[in-house]
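Order-wise, the sequence lines are chains E and C.
First residue of the first sequence? That's 1 in my numbering, and the numbers climb one at a time after it.
First residue of the second sequence? That's 272 in my numbering, and the numbers climb one at a time after it.
Treat the hints loosely; a few may be bogus.
[As the list claims (entries may be wrong)] When the alpha-carbon atoms are kept at most 25 Å apart in a straight line, the in silico SDA-like pairs for lysine to any residue are as follows:
| hint | chain 1 | residue 1 | chain 2 | residue 2 |
| --- | --- | --- | --- | --- |
| 1 | C | Lys-552 | E | Leu-140 |
| 2 | C | Lys-538 | C | Ala-329 |
| 3 | C | Lys-313 | E | Leu-115 |
| 4 | C | Lys-447 | C | Glu-425 |
| 5 | C | Lys-458 | E | Glu-131 |
| 6 | C | Lys-512 | C | Thr-357 |
| 7 | C | Lys-512 | E | Leu-44 |
None of these hints come from the bench; they were simulated from the model.
None of these values were measured; they are calculated from a predicted model.
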Amino acid sequence: MATVEASAAMVEAIAGARRRDQLRFRSIFFATWLVLVGIIVGGLAAAGKVDLEFLGEHQAFVLGGIPVTILVAASSIVIAVAFAIIGALGRLSTNAVIYGLASFYVSLVRGTPLLVQILFVYLALPQIWIEFAKIPLIALGIFALAFNYGAYMTEIFRAGIQAIPRGQLEAAAAIGMTGRLTMRRIILPQAVRIVTPAIGNEFIAMIKDSALVSIIGVQELLWRAQRAGTPEFRLLEALLLAALVYWILTIVFSVLQDRLEKRMAESDRRL
Amino acid sequence: MSHRTPGLAKIGALALIAAFAAVACAGSSNDDLLAKVKAADKIVMSTDPEYPPQSSLAADGSYEGFDIDVGTEIAKRLGVEIAFETPSWEAITAGSWAGRWDFSVGSMTITTDREKVISFSSPYYYTPAQMAVLPDSGITSLDGLAGKVICVGEGTTYLQWLDGTLDFGTATPQTKPPEGATATTLKSDRNCAESWQAGRRDFDGWLSSVTTVQGAIDAGLPVMKLGDPVFSEPLAVAFDKGGADPASIVTEVNKLLDAMRSDGTLKALSEKWFGEDLTTKVGG
């Protein structure tokens, strides 16, 4: 009786202390960030490198690139996942031709710079067939990014698929499931859960790499920052604004990814 | 994995390659560009909106500038709508536009190199090329830049002049570049001036059009004109030789430009954007 209440009070005290410690840690963490950001902004302002009037005038135009950036990044990652699954299956194939094709894809695409690939898609495709020139630039950009990331994610998916215990494959075969059915119903659903954190990371990297499609004229965030800043000799301010936006987007999607991972891991956590 | 017919994959791959080969052999269509533009009731113009006063972005995201106005006027006189594309300058000067846009009113200089891939109209205006230095550099004449580094924009005639490869194909006298001077490039002419403003001293000279240099001086950048303009370049409307045949549209546009010259439209636009009439040829 008395001992139970005492233990209960002790548990409460310990939980409370732990909460306070966590709160203190978080507050100091945020304060550190604020100080660092303050130092950077203060330093730039002191050096006269931040023209607020220019930013005020052009921010609407530059920020208008955010939807384009997100669209490019999101579409590319979805298509990249498709490329990655096909590539992973190819890399796991026992057929020499398919294995050869998949390995060639991974090796070639990982072995050339992404910027070169984007320019190649822009310049070389119409040489093969003139009608390719009618493809909208944003679609070309998305394709180039997806094709590139698909090669890198192929290895992620291959590892995810191979992580499924052999016992499950054997059990599936024992009850008469075909290879394709096993892949579709047993392996891929579990592999998706394993690779989701990695895909989240790739998406966040993709948000930054989407800036490269500005080279072929897609009017996303970086393109707009350059066009707003260069004519008025204020490229630095414009690029600072763009960098800040990329950073904020990265933070937002990192938090979302964190939440998604926690949600997916719920079945693993104890009550 | 599952057992597959081994030949199926190979047949599929061969079919794909055959299809590609077939379409690759199909040559480009030989339509007439003017007919194509009239049929579509639209002409697409390329522009690089980093160059006020020739082309820049208004606050609402639309394009404005001397080149924009000239292009719009040409489209109006052709009786078609105008639309804009924004490829990089190097993509425009390289030709082989693959039909992505129909013409360029982008202050492109007529040079014999470019004429291999580009069909030019008659010049619609002329710009002197002006050398600039920092006021505290102590350089007072072109000779002072001998052996030094000069900054220019990528893909510009200013770069060609420094490399000694600039050729207008006319007898326009050109000053010689400073002895032993080398060029360095940044993406756009203005980036050179901004680099100086940021305190960098990677180069001693800056070569660009007189309007751009004056723009930098007016914006309060630490830039000083050095000597007289080193050459005056004829700027024309450009068409791709590698696509639909531009012969008839070039003739048509030349007629329109003559009309715009005689009724004073070109002069008025030049004075509106540059504050002076640059549309008549100066000097040799």
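Quick rundown of the hints versus the structure:
Taking the CA atoms of Lys-552/C and Leu-140/E, the gap is near 42 Å; set against the 25 Å cutoff, the hint is violated. Between Lys-538/C and Ala-329/C, the direct Cα distance comes to roughly 23 Å. Compliance with the 25 Å bound is thereby established for this hinted pair. Among the hinted pairs, Lys-313/C with Leu-115/E is inconsistent with the structure: their alpha-carbon atoms are about 32 Å apart, more than 25 Å. For the given pair, Lys-447/C sits about 20 Å from Glu-425/C by alpha-carbon distance, which is consistent with the 25 Å threshold.
The hinted pair formed by Lys-458/C and Glu-131/E fails the criterion: a straight-line CA distance of about 30 Å is larger than 25 Å. A threshold of 25 Å between alpha carbons decides the hint, and for Lys-512/C with Thr-357/C the separation of about 19 Å falls inside it, so the pair holds. A threshold of 25 Å between alpha carbons decides the hint, and for Lys-512/C with Leu-44/E the separation of about 49 Å lies outside it, so the pair is violated.
Figure legend: structure checked against the earlier numbered hints; hints not met, in rising order: 1, 3, 5 and 7.
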